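Trainee: Residue numbers (numbering that gives the first Met the number 0), protein chains in the order written: chain A, 0 to 408; chain B, 0 to 159; chain C, 0 to 171.
Calculated directly from the structure, the hints in this document are not laboratory data. A quick note: this is a predicted structure, and the numbers were derived from the prediction, not measured. Wrong hints could be hidden among the right ones.
With a straight-line cut-off of 25 Å between C-alpha atoms, the simulated BS3-like cross-links for lysine-lysine are [said to hold, decoys possible]:
{"id": "1", "chain 1": "B", "residue 1": "Lys-15", "chain 2": "B", "residue 2": "Lys-95"}
{"id": "2", "chain 1": "C", "residue 1": "Lys-76", "chain 2": "A", "residue 2": "Lys-338"}
{"id": "3", "chain 1": "C", "residue 1": "Lys-11", "chain 2": "A", "residue 2": "Lys-76"}
{"id": "4", "chain 1": "A", "residue 1": "Lys-363", "chain 2": "C", "residue 2": "Lys-76"}
{"id": "5", "chain 1": "B", "residue 1": "Lys-95", "chain 2": "B", "residue 2": "Lys-156"}
{"id": "6", "chain 1": "C", "residue 1": "Lys-141", "chain 2": "A", "residue 2": "Lys-249"}
{"id": "7", "chain 1": "C", "residue 1": "Lys-11", "chain 2": "A", "residue 2": "Lys-72"}
{"id": "8", "chain 1": "C", "residue 1": "Lys-76", "chain 2": "C", "residue 2": "Lys-161"}
{"id": "9", "chain 1": "A", "residue 1": "Lys-72", "chain 2": "A", "residue 2": "Lys-249"}
{"id": "10", "chain 1": "C", "residue 1": "Lys-11", "chain 2": "A", "residue 2": "Lys-338"}
Here is how the chains run, residue by residue.
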Amino acid sequence: MFQQTEVTLDELRHLVSDRALTGETVLLNMGPQHPSTHGVLRLLLELDGETVINCIPDIGFLHTGIEKNMEAKTYEKAAVMTDRLDYLNTIGNNLVYCLAIEKLAGLDVPPRAEAIRVILTELQRISSHLVWLGTHALDMAAMSTFLYCFREREMILDIMEMCSGQRMMTTYFRPGGLWRDIPVGFETAVRQFIRMFPARIDQYEALLTKNPIFLDRTKHIGVISADEAIRWGLTGPSLRGSGPDYDIRKVTPYSGYEQYEFEVPTATGGDVYARYFVRMEEMRQSLRIIQQALDKLPFGPVRSNNRKYAPPPRAELGVSMEAVIHHFKLWTEGFSLPKGAVYMPVESPRGELGVYLESDGGPKPQRVHYRTPSFVHLQALPLLSKGHLVADLVAIIGSVDIVLGDADR
Amino acid sequence: MGVEQKLGNMGIATLKLEEVINWSRTNAMWPMLFGLACCAIEMMAAQASNYDLSRFGMELMRASPRQADLMIVAGRVSRKMAPVLRRLYDQMPDPKWVIAMGDCASCGGVFNNYAIVQGVDEVVPVDVYVAGCPPRPEALIHGIITLHEKVKGEKVKDWA
Amino acid sequence: MESLNSVIQILKDRFDAQICEFCGDLSLMVAPGQLLDAVRTLRDEFGFDMLSSETASDYWPEVSPRFHVVYNFNSLKGRRRLSLRVPVDGANPVIPTIEPIFPNANWHEREIWDMFGIRFEGHSDMRRLLMPYDWEGHPLRKDYPLGYEEPQFSFNFDDIAKRKHRGGYEEA
């Protein structure tokens, strides 16, 4: 069971150049246990000296069987699994899953729940970008940025914990709204964060943006043109770093994103630096969205009133027989969705996060497929890294911002 | 260790060699940088500013198993990863310890399916299990201190 | 630019496709033989320039068709999406690859091969992607067991310990 089987060179014959067979170039294994691959990614590199000739990614070391496991659970219970896919964007995974269910069921979400969803999703985007920035800078030997980024990330995690009781795996979004309303003190905490944070972004930028070492390591590295990026399916900051201003929040707004004013930052370089620039700018835009959403946070319920999908509040259980029946049905059998399939995309910190949800009319999904940005971006890694040095490969991996849980599922 | 009280004027203390060895082992334990999944992010948080793991002499995460004596299995272990994990464990020099961080590493957690090894103890012997999904950094630190307690009680002979 | 409905109408007439509409998502059912032409038409004539996702769904115990392969195309300029569904027979699941048209179908198709055992004809690198190389079976098929392992409690501890596979590791 625990014997490792290796592929032979013959099986990879079509992926490496002829020079690898004669020994003129070196085949080097990188990972799956490597500090700079951002998880358990394994790369087989064909090197000519220090130059990368070919790069063959090997994924699946974190394959968790989440899609299969979700098929064995009811819709609501399966939501717990979604958090663990992309563990830097847990709230976003919940969001896209809930949106898909709501689309399939035609379920309405109260405006207050939508606004809170936007606030938390944007906070999560900032926290994900902070982890990215910290590790990306760490890969290029800027240790202090890592420490600063995690300091601010803790503040966001505190807000998450305040709402849901968990720092990372919140499962706070449920089909039809939220688990429960935000606690007292939430607004103060978020306002304090958005007041403090712009200065902190300036601090990171002071460390990196004009730092000659950082510029040397990032400018003209891992360049991809807009056409190539589209052909390879890149989305999110990786696409916007090459020029197109494609953002799903603008193109097909969900959760009331159309009410908020924000810009879609783009850059034209298409290199590691451009992607860095876009993400830094995105954090500022996220703050703008949070500010607006907080300012006009409506009052009202946070979960749909449709008792077929959302459980009745505790107080109703004592007085209404119907509520007891609904409660019992929802927590034993779960709700059924109409037969059909939907594809629901949202803009995650990494790019287009889509869920393909198919129902066969029963209480358990027939098929859940997560179209994850990391999976698609990793595929373009050979293209991005060809002709660069091994040391630059680390910068390129960091710049496409992969999460292996997201890629392997 | 309370050595200061025993030192006296001579600057000499007598104590068991075993205690000295175990003391030195606990205070400079080098964990291997072995992040698998979600828990690895909390492990990073434990090393970062707010929780500061270096208070326990453990800030030096080694990427090479040859230089590490503690393996923190942070996250779920898939069937594809299990042989790699075992190989890394075998490459670590004795004495070595393993912490299973999080529910997935301890028992498979929520993922009871074909792809995940139901507990890393099927692959390597585990000393301390840390519960949580993912455990808070405090929980990890508690797990490490628990391991220190365990190491202090070990017999040197056991590693021979 | 034509509206999405007219695109669908054109495709329907040209490829004898079936339209499924559900919750505002439009999808077209195309026969495997016409897949490549349909995809090429979508990209070249109607500006669907990105393959967003490609996945499959298993309808076991149905046999023909047992699988549906679902493609989702995205038009960045037109800001619209379209799904294609291709029925695949269960006895001999083979369909042509769209890798020459959309290079990023490569990994998607490898994943489908890995998870469903649907072979893509003409694919450049048909190896397993996520599971170990020597894995048997295709996990996301409906007739593949979930692999549930019974939790050990005190009353059934010995029972399960006996059955449990403890490979490789022996206590020193």
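Trainee: Of all the hints numbered above, which does this structure not satisfy? Sort the numbers upward.
Mentor: 2, 3, 4, 6, 7, 8, 9
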